[in-house]
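Trainee: Hey, can you work out the whole structure from these sequences and the hints?
From first to last, the protein sequence lines are chains A and B.
Residue numbers for the first sequence follow the numbering used here, so the first one is 1 and each next one is one higher.
Residue numbers for the second sequence follow the numbering used here, so the first one is 355 and each next one is one higher.
Hints in this document: simulated from the structure, not taken from any laboratory.
Hints are supplied without guarantee of correctness; some may be wrong.
[What the hints assert, rightly or not] Below are the DSSO-like pairs computed for lysine-lysine, each with C-alpha atoms no more than 27 Å apart in a straight line:
| id | chain 1 | residue 1 | chain 2 | residue 2 |
| --- | --- | --- | --- | --- |
| 1 | A | K280 | B | K522 |
| 2 | A | K207 | A | K158 |
| 3 | B | K520 | A | K268 |
So the chains spell out like this:
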Amino acid sequence: MSGKENGGGSKLFLQGVSHQTAPLEVREKLALSGEQIGSLYQYLEDSTSLKECLVINTCNRIEIFGLAGESHDQDWFLHQLDNFNHLESDWFSKFGYWKSGVETVRHLFELAAGLDSQRIGETEIFGQVKGSYALGVEKKTVGPVLHKILQKGFHAAKWARTNTAISRGQVSLGNVAVDLARRIFGNLKSSSILVAGMGEVGEMTVKALISRGVKNITVANRSSEKALDLATEIGGRAIPFAECPNILPEMDIMITSTAARKWIFTRKMIAKALKRRPHKPLFLIDLAVPRDIESEVGKLPGVYLYNLDDLSAISNANLKLRKDDVEICRKALWKKADRLWESLNHSGGQPRGG
Amino acid sequence: MNFFDFDERTFIGLGITLYCGAFVYGLTWLIKKRKHRKLLMLSLVLAGFASQTLGLFIRGIELGRCPLGNPFEKVQFVVWSAVMLYLFIGPAFRMSLLGFFSSGLAAILGATSLFITGWDVSYHRAASATSGWVETHAALAVFSYGIFGILALTSFMYLLQNYGLKKKRFTGLFPILPSIVQLDQMNRRLLLMGVAVLTVSLGVGAVYFRSHLSDVQSAKIVTTVALWLAYTILLLLQRVKRLAAKKFALSCILLFVLALITLWPVTISGRGETESTPTQLTPDRD
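Mentor: Here you go:
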């Protein structure tokens, strides 16, 4: 791979699948583990003639940015992916999008600024893009072109947050979860929470619930050391992960965000827990992608199951009011992206787009 | 008896109009997706209640007894009981939307009984009706219907909240409904209260009718006891946790509809038997 070979005409492109084009059921099948991302980089290096590449993999998207020969197109790239075991290239053609040239730069700028996020204007994506960039640098797949685009993208994202109203009026997922919990339990002071696994969004959600009076918190993690650390941090108690089914009947709210590849909590398991707590509702928040809780669980009486897409949809409910802010921000970012694209094209034989 | 030259139906009509006003006011704010002003809603319901109370009081004075002799009076008394309960429990339990639903129920039932003039027919007072036992029995029975009316409303609110949470609806009415837990608790308390009042009513009735078997109206007894039995079974099932909250709420609504329907056999049966032993004739009403 070559961040190293920059000579000749090149095509900058992006192949992706995100929450904009694919439902959660599809995205969770495309989600890659850290190890699989490493394999993907290795595969792209060994099996394709990409000059540079970067993979952005979050719970809401998988996007591959690449710099290829000028004649290469989407069919060529999807054909290249055919032999990579962990991704179905058919899913990319069915649910994905392909962008090239300046469109790719515009997309990356919007992405870093949170304009393409499920919750418009959120800041977590900025850190995720930075993390992906760091991994690309480590794998030596990011060359001068992607490096420049990403650096400019980070500046543009910071500019957008400071100079436009994009992050204003945003409702955090934590607050959405609190509102829902109140619609179920009313006063949250006597509610108990089980936290199974913990990501950034999960932590935010737990903290929002604690701030509204929840006191009884139990943390379960595969690593008991990590569970203990988390429990100490948020003032709860730690239990081994295997204890979750036994303790579930005592809980009112469960937040899950584990890295498991398949369902951990099945309908049968939850139904069994409900029998031991008749007449008490159970609020389940599944923040994991792939999901931790079988979707059929939501059909059980007295169970209210919400996943990441559901919470984001509520969080974006006031988006209509911010439509003008979003458009102003988008236009400003495009202007910056177009300027960068022009400068890249004038700096000698660098990327073009289809 | 006239009060400021208005008869009792005018005061009752004014009360129902104010309930309608409260309902329309609440509905307008809900359509605008905003919270209504609780104080104004409460004031409208309170003013309606005062006017309806005055109307029923005047009629009671005219009859010399509790006005529960025809469908109009019974429905009005059920509405009055339900609104009185709302005035007690609504503000105490911060159930602001209960005012909206109570005023809606009061407006619909109250207006229906006002517009169907055939319901407000003259009737003869039976000898038994002069007994304090029978009056207490009838008043408590109809008051329990009022409790079951509010129970039907809180059950309806429970089903709405449950639907909103299951179907992930976040706008309009759903975010301002009381919580699932609060509504479920309220339903259980109201059911217990309703069954207790109806049980006392039947007990009081039994004390009188045991010594006056000839006054017993079979249709009335059968329907009232059947209703009492149905609510008691519901209460028992709920206590032993054999009924899911959603099914419990659905049953409460269904039973209230049945309770309203039983008012007719009770009234018809009562009218037939009272006409056979008249002791007093109420003033004719058109």
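Trainee: Now look at each hint and say whether the structure bears it out.
Mentor: Against the structure, the hints:
1. A:K280 / B:K522: Holds: K280 (chain A) and K522 (chain B) sit about 19 Å apart, inside 27 Å.
2. A:K207 / A:K158: With Cα atoms ~26 Å apart, K207 (chain A) and K158 (chain A) stay inside 27 Å; holds.
3. B:K520 / A:K268: 19 Å, holds
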